[in-house]
Amino acid sequence: MKYLQNFTCIVLQRRYLFQPRLSTLYYSTAKDADTKVQLAAGYQPKQVEQAYWERDKEQANLPQAGNRCKRGPYRMLLPPPNVTGNLHLGHALTATVQDVIARQRRQLGYEVDWVPGTDHAGIATQVVVERTLATAGGKTRHDIGREAFLEEVWKWKAAKGAGIVQDLRLLGCSLNWSREYFTMDEQQANAVNVAFERLFDEGLIQRRNSIVNWSTTLQSAISDIEVEVLDIKEPTTVSVPGYKHKILFGRIFEFAYTVVDGETLPDGSVEEIVVSTTRPETILGDVAVAVHPLDPRYSKYRNKEAVQLKHPFRNDTIPLVFDLAVDRDFGTGAVKITPAHDKFDFELAARHQLQPRQVFTKDGLILDTFEGFEGKLRFEVREMIVQRLDRMGLLRQVRPHAMQLPICSRSKDVIEYMIWPQWFLNCKEMAQNALSELHSGRLQIVPSNFEVEWDRWLEEGRDWCISRQLWWGHQVPAYQFTDAQGNAHWVAAASEQEARRKAVQLLGGGQQEELSLVRDPDVLDTWFSSALLPFSSAGWPNESYKEKYPLDIMQTGHDILFFWVARMMMMGLKLTGEAPFNKVLLNGIVCDAHGRKMSKSLGNIVAPQQVVQGASMDSIIEGLEQSLAAGVINEAEMEISYRSMSKMFPKGIQECGTDALRFTLLSHNIKNHFINFDVSACHTNKLFINKIWQAMRFTLGAAERLNISLHQFETLDGVNLGTWDRWIIGRLGETLAICSDSYNNYNFHMATAALKHFFYQNLCDTYLETTKTEINHRTPTGYIHVGTLTACLSWGLQALAPFTPFVASELLQHVPLNMEVKLSQYADSKLVAEINDVVGICQSVRQLKSMHKVSKRHEPKLTLFATNAESEQVLARHLQQIQLLSRCERVDLDMLNENSKHAKKLNLFSTAGALCSFGLSMNEDFGMTLAERDNLVQSNIKRLKRLATELQKYRMRLDNEAFQLMADKKTREHFEKRVKELEAEMKSLMPETA
6 MKYLQNFTCI VLQRRYLFQP RLSTLYYSTA KDADTKVQLA AGYQPKQVEQ
56 AYWERDKEQA NLPQAGNRCK RGPYRMLLPP PNVTGNLHLG HALTATVQDV
106 IARQRRQLGY EVDWVPGTDH AGIATQVVVE RTLATAGGKT RHDIGREAFL
156 EEVWKWKAAK GAGIVQDLRL LGCSLNWSRE YFTMDEQQAN AVNVAFERLF
206 DEGLIQRRNS IVNWSTTLQS AISDIEVEVL DIKEPTTVSV PGYKHKILFG
256 RIFEFAYTVV DGETLPDGSV EEIVVSTTRP ETILGDVAVA VHPLDPRYSK
306 YRNKEAVQLK HPFRNDTIPL VFDLAVDRDF GTGAVKITPA HDKFDFELAA
356 RHQLQPRQVF TKDGLILDTF EGFEGKLRFE VREMIVQRLD RMGLLRQVRP
406 HAMQLPICSR SKDVIEYMIW PQWFLNCKEM AQNALSELHS GRLQIVPSNF
456 EVEWDRWLEE GRDWCISRQL WWGHQVPAYQ FTDAQGNAHW VAAASEQEAR
506 RKAVQLLGGG QQEELSLVRD PDVLDTWFSS ALLPFSSAGW PNESYKEKYP
556 LDIMQTGHDI LFFWVARMMM MGLKLTGEAP FNKVLLNGIV CDAHGRKMSK
606 SLGNIVAPQQ VVQGASMDSI IEGLEQSLAA GVINEAEMEI SYRSMSKMFP
656 KGIQECGTDA LRFTLLSHNI KNHFINFDVS ACHTNKLFIN KIWQAMRFTL
706 GAAERLNISL HQFETLDGVN LGTWDRWIIG RLGETLAICS DSYNNYNFHM
756 ATAALKHFFY QNLCDTYLET TKTEINHRTP TGYIHVGTLT ACLSWGLQAL
806 APFTPFVASE LLQHVPLNME VKLSQYADSK LVAEINDVVG ICQSVRQLKS
856 MHKVSKRHEP KLTLFATNAE SEQVLARHLQ QIQLLSRCER VDLDMLNENS
906 KHAKKLNLFS TAGALCSFGL SMNEDFGMTL AERDNLVQSN IKRLKRLATE
956 LQKYRMRLDN EAFQLMADKK TREHFEKRVK ELEAEMKSLM PETA
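Here the sequence shown is numbered in the working numbering, starting from 6 and rising by one per residue.
No lab work stands behind these hints: they were computed from the structure. Only true hints are included.
EDC-like mimics (lysine to aspartate or glutamate), calculated; alpha carbons at most 20 Å apart, straight line:
no. : residue 1 : residue 2
1   : 553       : 185
2   : 433       : 460
3   : 985       : 964
Predicted model, so just to flag it, every value in this text is computed and none were measured.
Can you build the whole structure from these sequences, using the hints too?
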């Protein structure tokens, strides 16, 4: 016996040439054959993660800067989280996707340069800090002044920025922290100033009056991405900041404009045109009424030279104009034109050379020029206008109307469209260049269906409003001065000194001392600085940036494809002459388990660390209270969140661990539009990881029983593997192939599914169970089983490591790395099909036992009835494994016929596919009533009917001439084989049901 043991170990230690080995792997420390590492009784995420960080001060877990790899660099940029709070699940998804890519690329030998950073998030941060000031001392930013307010924001950034970095580290992100940036640090500020100055000097940035999304609460323009749309189906009251009561929306108003010099109708009324509007408060700024030129209701006015309408609140008239853009189906087909407060009207007025007339101030009050309404809130004036129209006899109808109400996502105010002086960047040429990158094939967008979105956003090439009326952000590097004639001019410069030099040069010389420069107090849109990140984070405008530019891939959420990704492409091409990346990978939006987008308004936001560490309801409430105190949420959102969390997690959130969170996030197809995250699925994956943990404990225990170390196993080449050993190695090879293909195509969910199936169904539930007898008896086959288990755990964990770095690092201490296995030798589809049939039989047996509560004390004995001689040969090869997997005391094999010596001893009978039917006999402790026996027969009759129906469908297809002509040989053979299998299975059931 000792000779056989030594011989087996020597064979397993022989070294053979193998495929290229992994150059970088996250295992904790190298272990020699004599070193023992204790493994806890069960998987405990907290302890595993703490040990990961403690080992070698992170040196063995994370890549080190300066280590050059043969395959060259691979560059990525983490989308910078806002400094307005902790990481949310959307951040966790993106960070995990990129970390998996980074770890897999390092395994392939690349030197990954993955850059971290945080975004100053102009509007979002200013709103939160203002809310904090109001909560703490009842003060506004205007009370303390700009300089003091910015100091408060920097304090907020210092506190929250550190928390975000900590969250990313805890998530296991292997970022290059030596390159960490903040979008308002010195390097980024310089890049922003230089970019603005160059674009301004080229004439691409100009200042003009134009209509923008305006928040009267913030008193600033905001971008489209910060506008939420509230769908209103019927009259609905909505809370609006600054109003004591809710405002009613969801109505359409029809009122009349009388025609100047119009006809007097037979009933004595004056000729009029009735218009429809959802915003009667803007009547004060109407400059025209528009109709479609082909609308027959207004055809009589087409031939008139000019049609004027009397304005009901101003002592003037407005024209009737014809425009093809008017929707004839909206209301009466006649619409009022208010270009100062409506985007559609603004464009229409420009076409007809109509001058806008502003109604509201920047804080949403009526201008003093409108007597009787001046200084009043816009929505209060709405009701006054309607009442006045009614008294004037001009109100025709008020009725319910479905509408979309634009809401500021930051202040929850109703967006007002306002004409305001702003800085605009001309994007037309840059947008065309960005389109060319895609159309030429130089740029790839994954998934490809978003190419349509890329085209849709960029084809128009609209000007970009890049200024915001805020205090927090990059102050616009533009200075205004006045010439001798009193004309105002602007220059762009990084400093006042440089601006003065440019101004003097523009004026043709003169005395600099007399020149008064005033810097624009506005700040730049946050997206402007973010659009520079691929090259500004690499050191641009310093020429050294070229060493770290461009990126190899840009990965982010699909919701910011235009707002960030397209703008990075435009700015990169414009300012560097080279595309910032050639591949874009877009992930979906993380929603809750019910498919609802996570938001403060729904109160369903779950933080990653709540899932990782677990959270009681008390701690969840405490976290909400802290967010309320910090100004992150308001009291209404606090109440909603409390109710929502209490309903979703009445007993709190179970601890899942970081690995389970990462694995769960990437178990979804990240390319889907929405990703529904279920915390219970995360806990299920924690149990899955524990299953692997227990497999490692079993293997270590088996090695100890055989008096060997797992690190002695170096190769399986030359070893006479058994049938089931070859099968599991073949399953390992197929799993690794799926993982490799999934990485290449970014189908991470297919890799996680393959790994879960391999570890759970193939390795733990099947192969490992079949090894116990040989290992317990210390046979030579037992040594081979342990070697096979070692190979499966080593290579399987290495494939799992990018998804679950913590547990992989812990468990890989116990097994040799790069154990030599020629996987291609074990690809055997016939063997796979055979083992699948056998496993299916065992599952059927266990199901029947479970259904009738058959336990070990009943001493169940299994009899297999082969349908033919070929089936009998197959089953005979696997009787030992069937006994172990079906958990029976004994297994007998017989042919299916009426003279079977075992048939009369059976307590239970069923079928298990085409190979066989089976029966179970138990001791006298097992009692089966007549009713239970009848139920069993009825169950088999139902099964027989189902098989007959399926058989009929297959026979109909085979008998169809068109099918025979069109189906290929492989398909026909599959159908013919399935018919034979169904006939055999039905035959095995018929004696029992007769």
